[in-house]
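Undergrad: Chains as they are written, first to last, in the working numbering: chain A, 8 to 228; chain B, 127 to 235; chain C, 2 to 97; chain D, 500 to 1000; chain E, 5 to 499; chain F, 5 to 154; chain G, 31 to 149.
Think of the hints as simulated: they come from the structure by calculation, not from any bench. Check before you lean on any hint, since a few could be wrong.
Heads up, incomplete: computed chain E residues facing chain F, CB under 7 Å, no partners named [said to hold, decoys possible]:
# : residue
1 : 8
2 : 56
3 : 66
4 : 67
5 : 70
Think of the CB as a built atom: it goes at the ideal place given N, C-alpha and C, for glycine as much as any other residue.
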Amino acid sequence: MEGILNIILLGGMAVTAIAIAKMRNLFVVTMLSGIYSLLSAGIFVLLDAVDVAFTEAAVGAGITTVLFLSTLILVGREAKPRQFRMQAILPFLLVLAVGAGLIFASLDPNMPRFGDPNSPANQRLAPEFLADSVPQVGNEAPTRVGIPNIVTTTLASYRGYDTLGEVVVIFTAGIAVLILLGAARRRREDEELEGPETGAKPEPPKEDSRMADASKEAPGS
Amino acid sequence: MDIWGQIADGASWALLVAGALFCMAGGVGILRFPDVYTRSHAAGVVDTAGAILILVGLMIQAGLTLITVKLIIILFFLLFTGPAATHALVKAALSGGQMPLTGPRGKGE
Amino acid sequence: MSMFAAAIIGVVVTMAMALLRALMGPTIYDRILAVNTFGTVTVLAISIFGFLMGRPEFLDIALIYALINFAGTIAVLKFLRYGDLGRASAEPDEDI
Amino acid sequence: MTVETLLLVIVGLPFAGAILILMSGDRPNQRETVTIVTAVALFAAVVSLVDRVGAGGTASVTVVETLPGLPIAFSVEPLGMMFALVASFLWIVTSFYAIGYMRANEEGHQTRFYACFAVAIGATMAVAFAGNLLTMFIAYEILTLSTYPLVTHHGDAKSVRAGRTYLGILLSTSIMLLLTGIIVTWILAGTLDFRPGGILTGKAPDWIVIVLLGLYMYGTGKAALMPIHRWLPAAMVAPTPVSALLHAVAVVKTGVFVVLKVIVYVFGIDLLNSSGAGEWLMWIATITLVTASVIALTKNNLKARLAYSTVSQLAYVVLAGALATQWSILGGSMHIAMHAFGKITLFFCAGAIYTALHKTEISDMRGIGRLMPFTLIAFLIGALSVAGLPPGGGTWSKWYIALAAAETKHLIVVAALMLSTLLNIAYFMPIVANAWFVPRAAKSVGAMAAPVEAGGLKEAPLFCLIPLCLTAAGCVALFIFAGEVQDFLAPMIDGLSTKAR
Amino acid sequence: MLAHLPVLQVILPLIAAPVCILLRRATLVWLFATVVCVLTFAISVVLLVQVMGGEPIRYELGNWVAPWGIVYVVDSVSALILVIVSGIAAVAMPFALRSAASEIEPDRLYLFYTMYLLCLAGLLGIAITGDAFNLFVFLEISSLSSYTLISLGRNRKALHAAFQYLVMGTIGATLYLIGIGLLYALTGTLNMADLAVRLAPLLDSRITLAAFGFIVVGLGLKLAMFPLHLWLPNAYTHSPSVVSVFLAGTATKVSLYALLRILYDVFGVRFDFEQQPMSALFAIVAVAGLVICSLVAMYQQNVKRILAFSSVAQIGYMLLGVAFATAAGLQASLLHIFNHALLKSGLFLAVGCLVLRTGSSQLANLSGIAREMPWTMAAFVVCGLSLIGVPATAGFISKWYLVSAAIEKGWWPFAALIVATSLLAVIYIWRVIEVAYFRPASDRPAGSPPATEAPLSMLVPTWIIAAANIWFGLDASAPAAITARAAKALMGAGG
Amino acid sequence: MRNHLVLRVIAKLLIPFILVFALYVQFHGDYGPGGGFQAGVIFAVAFILYALIYGLENARRVMPPTWLRAGTALGVLIYAGTGIATMFLGGKFLDYSRLAHDASHGQHYGIIAVEFGVGLTVASVMVTIFFVFAGRQRLTDEDPDEENGA
Amino acid sequence: MTDLIIGLYNYWIVIILMMVGFYIVMSRQNLVKSLIGLNIFQTSVFILYITLGKVTGGTAPILEKGIKLYSNPLPHVLILTAIVVGVSTTALGLALVVRIKEAYGTIEENEINRMDNES
């Protein structure tokens, strides 16, 4: 059952992604990427990653869609059609290279099969996490956190530092948006500075330079 | 208790299957109907009948727990979102210049 | 096959059909309609899946889907109607 | 003051002078006083160093250890001391001359000029007393960079182009070849110190020695070996004091000094002879000296002719190194000093003529001997010295080189030397002869009728005239006191070979 | 508290950033940020001293044992990078006071400093971590903040440059993530040391190879390895001066460090250079970058752009040292990381002064500027000479080691090439010097205001760096000792 | 049917409920799916919904941008501060075991504190971002000739 | 063969998604679309990781009495972080797009390039 659902949902994702690539109406693209997010969240549920599904739904289908809509209001909905150019070959080759690299890797017999409980990934660190018995430095007995949701435990404690980093990332994004768009009034420096050369406005000179004019000294004076 | 359990199971079965069928019917409608207005009718079926039936079926399975409360809330959301969205969409479609295929110019649904 | 499996198949088939409509268009409105339906059906699917897996507490996910779907729909509608998300829909004689 | 401190003072003094010059930028008199005082102080310091150390003594001082085993260090040896003496003395003279010349011609950017000049002299001192190849290389590059603003002094398109040629050739050869050579030496020998008898003996196969010699010889672009001599004629656009600096005081002298020093203290003449590396160098030097002389003959511009003459004379020194005998090294070392005095005299004269009469072309100089008798006499002495005829100091150095060539049975080289001397005469003497014995063309009389002064003399300012007389006298003095120079260099010559004697 | 230094190194700027948001007053924030940067620098120096005196320091975050938790590892390599990054950040801060104020609106200034600190924290985090995924997180912190910092340039091109960088950077980070994912699939662990152990028997696997490829390309994008450098010139050209200083001195170097870490500590020398032709690959990439970007730099009309292309070219030197696959080569690379950080930030500092006074970094606007701003231009010349590799400057030391390493390896043509490309540097640096010194001020476009010497708050940092260039050119024993040890550590780690 | 009225009423009903749900996700994250991040997003969605229905101005009045900015910073500070606190208690950074006598309890407290920090930052940032984007639209709209971006 | 198709099915889809996303980004068209491409690209990586953590027959890693087999929580944690990074990047990218639109009047990559080259 799960396998079939998995195949259907993933297939749906692939189809959606290809459709997104072809669409030009940005609004439609946004809607489709919402569907894409929902689908991927569905897959996460299937793959037992409920926390991830939770987040993906909230972020991918919710916040991101709203953000894209907000942007579309400001930038317009329609992407212009592109005629085929020779330069388009290069990205295509790059894409093929990336794909080939992954296919190459996937065909390796070591590549863990779907759901394989004996794969290294599921054997190495996971057992200790799942048993909630991870050793601490200087402790004989492994320390137990004692919270049922192992994802939360891992997230906030075992790899709590990553999560601190994550919070800082989102903090950074917030500040970044504030810097870029958070203007109390409309700024016009972009428009002003569309000339060929731009840059900061120079400060007016404060005093005459002492060495300003060494070239005009009269010889023999 | 046992008998009630069986009745509940039976009811759930019926509701879930009926809901699934409604959904599929709506899905077929969305796929096959000729224009946006008719499709919106089909969508309405999914949004309301399908959702109600399935969620109620699940509620019967869950019994009187927190889960049922959540299911009710979900239902509430769906019931509000669906029709409101359909309504507004049809209005937007009309003002956006989409002509219904047949019949007089309707006021939405 | 449990009843949940039966239901989920029906729901997933509906999802597929909605997805198809969303991809096919032809108009924007068709797509929005399909997306909306798709959201609803996904909520149903996840709800059922929680029961199917025997861990119905995952309903939280379905709940948040519904919530997000709701907010998202309002955002889309405001987008279509006003082209502005920050505007209050308070002006008289206005309906959404 | 210990000898070590004195050494540091000698190297540091010109740099300090440069800073002082920059600081007194807007007060010309103070600036020039600083220049002269620094120059005199430097010369005094070098003399006192010579006094302290004596001809045979050595001393060394490490400033900082850049990398383990690779210090920036200075040391004293006869060749360097001689070079430092010559350069610091000529700086005084050149400074006086520059004051006269720059003021008379109303040149701009004079502060930059004097400051860069001082830095260049400082770098020359550092080259002269460099204790190892790295220090020498650093100083060599500072010299290149500090003379660039001098070459492009006028700032017009032509001088900028010349500056680019100058910088391009010197920097590229030094970085690409010299530096590579130094690094290879470091890897082979494990040290970069200058040691009598060389540091490479037994460290490398012959073919590497040959390649390495090529790297050093062509890496030292300042030695102007053909075909990388282009920068030298190009740099003629600069004011005359700069040319004097380039040709006599610092730049090209540094080049040949480096050549000799590398041959003597890095390769060692024994290695050079045993590996056969000197052979090809000798031929190139020979070809250069003849070809450059011929080219000089074709030039009508006085400074250009002098420039090619310099190329030719430098090849003498390289040839001396390539011959790699005790006599040749002696001759080469002496030729550095001899040529310095001779060529600086010639350039001073050229500058004086330009200052007084604004003439640069030889063909215009007919009959000016009456107007500028002192200058022309000095010119004659300088020319004789450069050509290697009595009573110029050049006589001795050329003699020793020719002797070495004969000793090593390179008769063709001897013949080339003879030919070159003839060519020297051929391109210098007509100038003198024309100036004295050919009457001025009417056209040129008209052109300079006004400035001719009452007594019929139109000499350059005294600031120009006195220095050139001094250097001319120096040429003669060197002829007379060549024995002292020889004695002075003797310790180095003695240490040259382990086989000889 | 001494035991906590490794984490304080990163946490200090990380915590300072939100505090800046709370402080809000631009001057106050600047003062605070400066103090933080200086403290961070002090910490890194102490760490370096500690590491040079003994064993590498390990710090388990959350006290969880290594493969399960995240661990910080400070060894001689990372300590060196930490010192470089925090040092340049500290020097650039005083400079920012005037420079940033002239290029960024006053009401965004405090946000700017916040970003600056975040970027610093991100870069430090990359340099210190011993966990492959944690590296990704901090890579993203530094990337996001640098996109923002770059976009603050006043030219609209800055926005486009930032966007391009964002796309390229995200692709790079994602490719890195794929690589780490593949390694995780293969070994089930994320800790670098643990990865190395568990990867050792699996080196023949195709997954290892694919992961290797993804990581090299991913980090290659971040460090502007030659064909992947397209984002860099625009980004460095159009960003505010301080940002150019900071990023040019640190960002690509930290990414290169990350690449070295992964190459040597995870895959190991044997895999990189015996099983895989990394020597050849790096050599080709390095040479192509060196030559092409140096040539391109010669034709630019904007000083910042010249320097940006030169940065890409200089990365070629660093990669070339790695390509030699010897301890000497690696040492040369590390030395060049250090020296290039010094000289390039010095150059950008000087350009920052010029931009403040003339409002532009176009060559045409700088005619004869040396007369009005002698100190600034003198610093530029010093650092420029260092870039060329003139002796007695820091740049010479790294060239020296590079050439020695090339000759020791027997790759003579490369030795020649290193030297020859220095000459290209001569040309593009000399173009600037020529314009600034030997062209009359009247050549500037009409309407250009007269300039005066930059304020002391900017000159002093510039000259500190310029003096450092000379100092480390004269006495390179300290960096040489550190890098020698670092190179040995890296080479040894791979067995 | 005046939909906006219906909307407003429903929103009034819903938003408190959403907030409660957010709190539930926040503090129930130890036992079920969810946690600080998800809770933060839900919190943000509640405000976004408010802004969508009642308008940006009103939403700004309810949640002033200054508060939001402070919230963003405070969240990070709470997280990092927890780590610093453990350092002062003699442990390593983020070693929650030190927060109580018993390691397990300490861990629990630590996780709650940390998750709260995450939630605060995420909610504040998300709302900030939406406000900023939506605010930009208003600025643009008042200036119709901006449309062509000249 | 079935093993290759079914056992690695998720990887194949991941690869397709990755290529599609990457292509959208690389073909450098509309900036908003580039960002969506980036999203698709990143999502494919998420799926790769989550797939690695799936254990057949396992369930979500929330401990409960009576359940023995759980999926691997570590990839989930990593991907949670990655999602956050992704949305942060998207937000920043969109902010940049808005500013670019205001400054250039267009969000088509080729037009912007042209304008950049002109000035």
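Undergrad: For every hint, state whether the structure bears it out.
TA: Structure-based check of each hint:
Given hint, residue 8 of chain E at the interface with chain F, holds; its Cβ is 6 Å from that chain's nearest Cβ, closer than 7 Å. With its C-beta approaching chain F no nearer than about 24 Å, residue 56 of chain E sits outside the 7 Å limit, and its interface hint is violated. A cut of 7 Å between beta carbons decides the hint on residue 66 of chain E: the least distance to chain F is about 4 Å, and the hint holds. This hint holds: residue 67 of chain E has a C-beta 4 Å from the nearest C-beta of chain F, less than the 7 Å allowed.
A hinted interface residue such as residue 70 of chain E counts as satisfied when its beta carbon comes closer than 7 Å to some beta carbon of chain F; here the least separation is about 13 Å, so the hint is violated.
Hints 2, 5, counting from the list given before, are not met by this structure.
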